[in-house]
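J.: Heads up: the protein sequence lines correspond to chains A and B, in order.
Every letter in the first sequence is one number past the one before it in our numbering, and letter 152, counting from 1, is 152.
Every letter in the second sequence is one number past the one before it in our numbering, and letter 311, counting from 1, is 311.
Hints listed in this document are in silico derivations from the structure and should not be mistaken for laboratory results.
Predicted, not measured: the structure shown is a model, and the values here were computed from it.
A couple of the hints might just be wrong.
Unchecked claim - Distance condition first, Cα-Cα at most 20 Å in a straight line; then the derived DMTMM-like pairs of lysine to aspartate or glutamate: (1) K344/B x D192/A; (2) K133/A x D24/B; (3) K336/B x D141/A; (4) K98/B x E88/A; (5) K113/A x E115/B; (6) K296/B x E341/B; (7) K489/A x D422/A; (8) K57/A x D192/A; (9) K113/A x E88/B; (10) K355/B x D338/B; (11) K57/B x E329/A; (12) K355/A x E329/B.
2 protein chains.
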Amino acid sequence: MAKGLTSRATDYSQWYNELVIKADLAENSAVRGCMVIKPYGYSIWEKMQAALDAMFKRTGHSNAYFPLFIPKSFFTKEASHVEGFAKECAVVTHYRLKNDPNGKGIIVDETAKLEEELIVRPTSETIIWNTYKGWIQSYRDLPILVNQWANVVRWEMRTRLFLRTAEFLWQEGHTAHATAQEAIDETNTMLDVYAEFAENFMALPVIKGRKTENERFAGAVDTLCIEALMQDGKALQCGTSHFLGQNFAKAFDVKFTSKDGNLEHVWATSWGVSTRLVGALIMAHSDDNGLVLPPKLAPLQAVIVPIYKTDEEYKKVGDAARSVKSALEAKGISVKFDDRETHKPGWKFAEYELKGVPVRIAIGPNDVANGTVEIARRDTLEKKLYPAGQAAETVASLLDEIQQNLYDRALKFRQENTHQVDSYDEFRKIIDGKAGFVSAHWDGTAETEQKIKEETKATIRCIPFDGEATPGLCIYSGKPSKERVLFAKAY
Amino acid sequence: MAKGLTSRATDYSQWYNELVIKADLAENSAVRGCMVIKPYGYSIWEKMQAALDAMFKRTGHSNAYFPLFIPKSFFTKEASHVEGFAKECAVVTHYRLKNDPNGKGIIVDETAKLEEELIVRPTSETIIWNTYKGWIQSYRDLPILVNQWANVVRWEMRTRLFLRTAEFLWQEGHTAHATAQEAIDETNTMLDVYAEFAENFMALPVIKGRKTENERFAGAVDTLCIEALMQDGKALQCGTSHFLGQNFAKAFDVKFTSKDGNLEHVWATSWGVSTRLVGALIMAHSDDNGLVLPPKLAPLQAVIVPIYKTDEEYKKVGDAARSVKSALEAKGISVKFDDRETHKPGWKFAEYELKGVPVRIAIGPNDVANGTVEIARRDTLEKKLYPAGQAAETVASLLDEIQQNLYDRALKFRQENTHQVDSYDEFRKIIDGKAGFVSAHWDGTAETEQKIKEETKATIRCIPFDGEATPGLCIYSGKPSKERVLFAKAY
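Excised from the complex, chain A in its bound form (with noise of 0.2 Å):
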């Protein structure tokens, strides 16, 4: 276990924000709610932008930018988006500072009141809708296929380092389409890319489904989303694909002339994935000794680490460390030769096990002798002599086996935890106890998903994609039920 990390097992919640912390990823700043993202946790976000943003563009994506803020009566033009999205937010009600009369410091200068208050954009459906009015006008300017990277602030109460903080780094999709079907694709697609990217990079197996009616989107017709399993039995959303059908094309008056002439209003599509998902790829994969890290989005994939006493066994070792290095390169491999003097190989072994290096190499005076070299990998804490000549190949190969491990310890784990339940007495056994996907029949209504709310904490995830479509009982209400929806506890 890393020096003064909490273990999962003793408090999973301590645990995490003690990682963030100790692993140099973010902290809490001076503003409230507000965190600074640190290099290493931003590296890590920049590994995933990258990666989604190759898959954006290889869909027939570009990216704009669009204005920070949001006059506020934008916002009440979408009946329900307004309920959503502009209650708990940034008001920005002055531009000007002066100088206080009296001495002290700088004041707010009244006479520099807007006309209209300006809202910090918690999300861009109402400025980008406005924008694309002077954009469309006939089937030809269709479809828009926009997303953004930018920040976006919701004034949270409770914030947590990456999972929920006051201001958040984002990507949002919007699109905007000539037909209901075209824009259902959309939103389909996005999903797809969304949980490809869970999959194949974070390492993370996903539910795709569909959100009810409670917990869809403000604004939109359909809201589809990804949900990951924690390794403290909780769901986490880590993606979501909104068909807003016409709402915003109606709320800002954006119609276009089709193909036969008829001036219709467009269809929308929005998405996005945020910051937060460097939450879940900690809570998914990490362990008792710190970070453990998919070599796809590590920010530093191999690192080497030199054991010597005198300056001759130094000498011999740095020269074998440089030709691994150079041959770990040559493979495209990221890879550190951490030779600081400063530091012992014990401590630099516990750094890199806590930063969630997923391979390690070390190298001493009788490697140098044999021509081997020792290669731990993070996931398994396993050890190995290879031969130097093979270490290229062997690390190579090690880190596709640690990303599809990670994959698969994380699948067995989310089969394991994810229970089929027929009465609501198992329901609260399991939702009280390990938690995990409870797998139940429910009637459909709002009033039922809030009442199992309000007594458990468990919300409904998701309607899956593939679940089991019979018919059955409420677990609740005992009314007839068309399929079985995913309950569990959520971040």
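Following the hints, put chain B in place on chain A, whose structure we already have.
T.: Then chain B, alone, in the frame of chain A:
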């Protein structure tokens, strides 16, 4: 001349404003002074980001992210900084809206007033140095070499797309060092990075120099800058790199234990470039037909336009075009085959000229018969026939040629528009006329600088590093001057 585009000679300012809109780069938004960066404009910024980010990383920097909001009191901690930055800015005073009891939409909830107002960051020195306090104890924690890509807000009264907007995108580097010399070296290194970027990627020759005290960054000991000349004879500051001394370390009480065991204040730098560079790029190279983009930053480097009348002709021309496209792509050239039937070749030619695509390839039935393609370069508008089999090599070398030609042209323009003067009469004649850079003697006082500015609108752009260091007499006051400085009217 592009249809409807005002010529530079008629009204340079109008030409710029129209071009930004017509070329789909950006537009004004519903929020005063904030722009929407459209996909084509944003893709230029993305190319700039990619090149700069790689250069930052090569020079040892990592990215991180700091809060959007800064507590008001932070600005008062550094005396000169507050004057420069804490005045015209967006002030967040409340964190909640509520339904208007009179049913008129939503209003600010007066009970949700922040105890201390938050400023939307106009620059991040204060919040970052407040954070660094927690990161730095010993010389072992130094240097810190961090950069942030972010949005910032300065409440400008007169805004212009890209050149001066209330919100803009930028990067801001913030580094911490154990010695003054190390910080000064960093300041110089980053100025060199900016100059290299401007010259090699933007094809924009720049003059490196030092700002006068008047023009210095608020809170800096020394501000270095790169200055470029636009086609209307006005200068544009393209990047700044500041040596901050110990000012922010003192303001935020950031000390470290040196190797000798002394407690000392940390030394700082900051440096930044912004979306303003997109404006500089447009102004430096473009012409009355539209954008002219340097190939290294062009979102699309080449376009293929098919010319045909019959389906049979299209089949042959299309096959030839696709084969040329593959050959170009194999060379890493970004190329589009525009076979839209909705637009005529002439329309497409004008469109890609307007968009500044560096190379245009036209292929018609005669070309197919003769095994040729017509290649036009955007910078000179020259067209020539080439053997189809050599299209890729030809385009690759043309792209290099265009990149170099744009630089050479801009350098020649700057040389022709840089004047050495020894009297105020001469000075005024040039500044009031064609403008350009004027190299003149100045007595070194803020008063003289201010007078000249008031009388002519010209400012001292910089004291050039490679300027003429021979002494002389100030053109305004006649007092002794150590060296010539560079004046210009500026954006």
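J.: Looking back at the numbered hints, which does the structure fail to meet, lowest number first?
T.: The structure conflicts with hints 1, 6 and 12, although it agrees with all the remaining ones.
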